[in-house]
Structures are given as structure tokens and as C-alpha cells.
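Visitor: The chain contents come next:
There are 2 protein chains.
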Amino acid sequence: MNKGGAVLVAFSLALAGCATAPGAPVAAPVAAPASASAAVPPQFQFLYGSGEGGALQMAAYHALIAYVTDKAAHRPANSVVVAQGSPLVSARFVPCGDKPLAVAFDVDETLIDNLGFEARAAAGEPYDSARWDRWERAGASAVTVVPGALHAFDELRDLKITPIFITNRSAANAAAAEAMLDKLGLGPAKHLGNLWLLGDVAPGSAKDPRRWKVAERYCVIAMAGDQLGDFSDRFNDPMPVAQRRQLAVHSSAGGLWGKGWFILPNPVYGTALKGGIDDVFPADKRWTDPGGQR
Amino acid sequence: MNKGGAVLVAFSLALAGCATAPGAPVAAPVAAPASASAAVPPQFQFLYGSGEGGALQMAAYHALIAYVTDKAAHRPANSVVVAQGSPLVSARFVPCGDKPLAVAFDVDETLIDNLGFEARAAAGEPYDSARWDRWERAGASAVTVVPGALHAFDELRDLKITPIFITNRSAANAAAAEAMLDKLGLGPAKHLGNLWLLGDVAPGSAKDPRRWKVAERYCVIAMAGDQLGDFSDRFNDPMPVAQRRQLAVHSSAGGLWGKGWFILPNPVYGTALKGGIDDVFPADKRWTDPGGQR
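From first to last, the protein sequence lines are chains A and B.
Following the working numbering, the numbering of the first sequence begins with 1 at its first residue and continues without gaps.
Following the working numbering, the numbering of the second sequence begins with 1 at its first residue and continues without gaps.
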């Protein structure tokens, strides 16, 4: 996520009631009664409000549980951490040896939904890094655990698999991060033990150095995140948007989704939200409407 | 999806470069070179352009393949079709008997991405049902198959499991729908055989009557869709947005996500996109910023 000089505020103007609707009409749910009708942009509605979004989250954690249960019974030779120097095409992975099993998790919009912070974004407040810093330190009571995650952590405990948190929250707020994770039932979390924050191991937001550090000590059998960089920094190498999607679908990564690499939905912020019309919609899939006024 | 008198056009104004960015900076991919920089709303970027969206789609189809492979070896007593008259809490399912195995699929933004049509929506064109009708009849060349779906269909063929399409595309355009599915490698599709369109069996967009019709003849072991109504019409009963999300996560549905019910992401249109601030963000998860000017 690029916080450089440019900050985008996705600002949806709802001109009238309901979503654009390909296909035939569907009997839509009646809108909630007495609550505020201030327009919420669709990506926020999807992730934080919808059953569809909750279902995707449950599905990811169900898949993770099934997968780690199987790996606990059949130890893999290799982890799911791409080895240093390896590309994503024909990727090589850090071997497991006889290291104890672990699962690496991103935190924001992977294990937790930052409802209190994101409600303000949905209302149109532009991103402000100082406010995010205050949120890290004081916002834990306005966070919820992503559906399915607590059950996954129960299973990890039963299987004696260690959860490792790799997050770009600030190391200056380590105590608050530990307390939040503990309070939510995802703990215990210990900075530089199983909690790795921004700048730990190497400067900057890249997560590979922290993954390699963890993989020295643990056999990382699965990883969960909402951004491709939660799996490999190679996805954040400079490349066109369409090429990055191809890499996710067709490299060694392609075979890992739901089978070692578990992706949670996040259309609200992050590295997925890039590209102009020509990046997102391939030139050979354009359509000239044969009829109508346009 | 409600097409009544009110149509929403989600219109994102990108005020500057990149997505709102909780957490620390990440080395973001360089934007694509010479392509048009017209702003694409984030929900379109996510679904059609991003590796994150493609990864979610691959994960869903990987989970479906693993699940049906297991069920082909261990026939279930019950289908995953909620029985007529059953609620979603403590749901009852249509029994399988010795009926041949099948998987029911929605089509739009489940098996296929309607790129040509949605590129126009992303550019700000309001939804127009007459244009959608022309798209059904003439747009097949600007459609792509969702990543992972073709591999899933290969597996279904190998396992001799019948794919059934239940879609709200128009019965007047049945021949075009059949031709499109055949051409994309998802066929053969035959209207009223394995392809069920809007108004088949019962008038209107509700899909349960078609599911029950199919379940008279097949043991439906899995279903795939991008809207909760692709699984049960009970999700479209009138209820507040937050209650609908709770139903998806905590009823019998909760245990089915990724385990019989396979959900594909779609933050671009549909029943997920409902709710004002109080619907989407629970009152007990609001946050008062302790610092800053606001």
C-alpha cells in the first residue's frame, strides 16, 4: 500500500437505491429500518456489511483448518514460504526439516476487521497516517475478529501449531498490538516471538525478510492474508497490473490458493486497487453495443 | 438484485494515486505504462483487475474440486439444497437417494466475468436493462471464464458429475446462453436440461424452485455463486442488512461455506451492496478519535 505523496479517497456517490444489476431482478432484502441512510461505498458494504463478504471469510478459514489438519498428520517436506532469491514461476520453498509447525497470518482485514477506523473512511474521511497511529494505540475496542478466525485458532491450538503474526503495524505500538490480539482471543502475542511488526528484521514494509526469519525456526505450513504481499514480496515488484494478476493465477502461486495460501477478501484498500480502464479490462474483451442510443 | 425504479451507479472519484492505506507503506507495484488513466472504481479494480481477486476465485474452485472429489468417493446422504419449507437455522436438505451427482452453478461473476459489459459500467455508464439484454445476445466474445472454473469443469467430467447452470439470464436468449457456455468450454449447455433460466419452473428471479426441480432428478452435492440467493432464497427474505450477515455466518449456512457452498467474490453489483453507515458498521464498534483536529 503506497502512502507516498498521493492518497486516494474512493468516494462513491450513490445516485439512487440499489446496485447495478446484470441479469434479471431479484427480490432484494428490504433496507434496514430506522438507521442512517448516509451512502456507504459498495466496497465497504461488501466487506464489512454483507453476508457475501462474511461467507468468503468463513470459506477461507474453513479451507485453512482442513489444510492444516491434513498437514499436521502428514508433515510436508517444504514450507509455503518462497525461498530467498526464488521467482514465483517454478518457485522454490524453504524446506521444513524437523522444525515445529506454524501458520503465518497478516492481521488487518485478515484476522481482524478495523470497523471503527473504516467507518470513518466510509463516511468520506481521507486517510491520515497520524489517525491510523492513534487507532493502533487506542482503537482495539472497535475491532472485530473476522468470521471463522477464532475457530481456526482453536484448531491450531488443538494441533499444537503456532500462529505467527506478520503485520505492518508499527513496532512503536507493539504493546498495544499484543494487548489487542490477546483480548480478541487470538493471543498470546509476543513481539519478536510470534508477532513481527514493521521494520523488524529489515527496514520497510516488505514482509519476506520476516517470513525468512520465522522460517529459520518454524515449518510454515500455511499463510493467510488479504494482499498478495502477505504471501511474497515478488508480487510487489514493479509490473503492469494485468501482469500481476497473471502472476497470481498462473505462476506457482496459482496452485497454492486455498492449498497453503489462504486469501481473505479486501476491496476496501491495498494493492488490489490499481489500474485504469486499459489495465483492468483487456483490450480484446471490449464490446461495442450493437443497439441503443450510444 | 433490485432493478425496480431505483438504480444506483457507484461512481468513485479518484482524487489522487493510491488506495487508503492502513498500516505502514508497502512497496506498491508501479502503475501500468501507456494505458489510459481514467479512474476505475475500486470494486472493479478488485474483481476484474487484481491478483487478489483472481486468487480468491482460484481458491473457491480449488476448494470445490477437493470437495466434489471427496463426495464422489463417499456419496452423501443429503444434498446441499435446502429443502422446501426449511429455514436456514437448523436447515433440512433434500435427500440424495441414489440420484446421479450434480453441481449447481450460477453463471454471471461466478463462472464468467462479464468484462465487456462491466468495462462500460466502470466508465460510469448507468445500468440499462435493454443494454444488458443486447449483451446477453451479442456479448459472448467479450466474456472470460473465471480463473479456476475450467479446471473445475475438467474434474467434474472426469468424476462424471453433471454441471447444472441456474442463472437469471433471460429465457428469450436461451440459444445465446447455450452457445456462450459451449464456446467457453463450460458446455454442453441445454436449456431445460442442465441450463435453467429466469422464469423457468416459476415466475420471477427466485432460484429455489429451479433448485428443487433439479434436486428431483440429481443429488446436488455442491453449489457455486456470487450472491447469497445463489444458495437459498431465504437470504433474500426481508431483513436488516446486519441480520442477513449474521444469518450467513451463524445459521446452518455458516458451516457450509467452502464445504458444499462455494462463494465467488463480487463487490461490483448485487445483493451484497446494501446498507447505510449504521447497517454496515455496528454501533458498538464506533471509535472516537482521541487526537487530531476532528
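Any given hint might turn out to be false.
[To be verified] Think about it this way: if two alpha-carbon atoms lie no more than 25 Å apart in a straight line, the pair counts; the simulated BS3-like pairs of lysine-lysine are:
(1) K160/A / K71/A
(2) K99/A / K213/A
(3) K285/B / K160/A
(4) K183/B / K259/A
(5) K259/A / K285/B
(6) K71/B / K71/A
(7) K71/A / K259/A
(8) K71/A / K259/B
(9) K183/A / K71/B
Rather than coming from a laboratory, the hints here were simulated on the basis of the structure.
Visitor: Does each hint fit the structure? Answer for all of them.
Guide: Each hint, compared with the structure:
| no. | hint | in the structure |
| --- | --- | --- |
| 1 | K160/A / K71/A | holds (12 Å) |
| 2 | K99/A / K213/A | holds (13 Å) |
| 3 | K285/B / K160/A | violated (32 Å) |
| 4 | K183/B / K259/A | violated (30 Å) |
| 5 | K259/A / K285/B | violated (33 Å) |
| 6 | K71/B / K71/A | holds (21 Å) |
| 7 | K71/A / K259/A | holds (11 Å) |
| 8 | K71/A / K259/B | holds (18 Å) |
| 9 | K183/A / K71/B | violated (39 Å) |
Hint violations for this structure: numbers 3, 4, 5, 9, all remaining hints satisfied.
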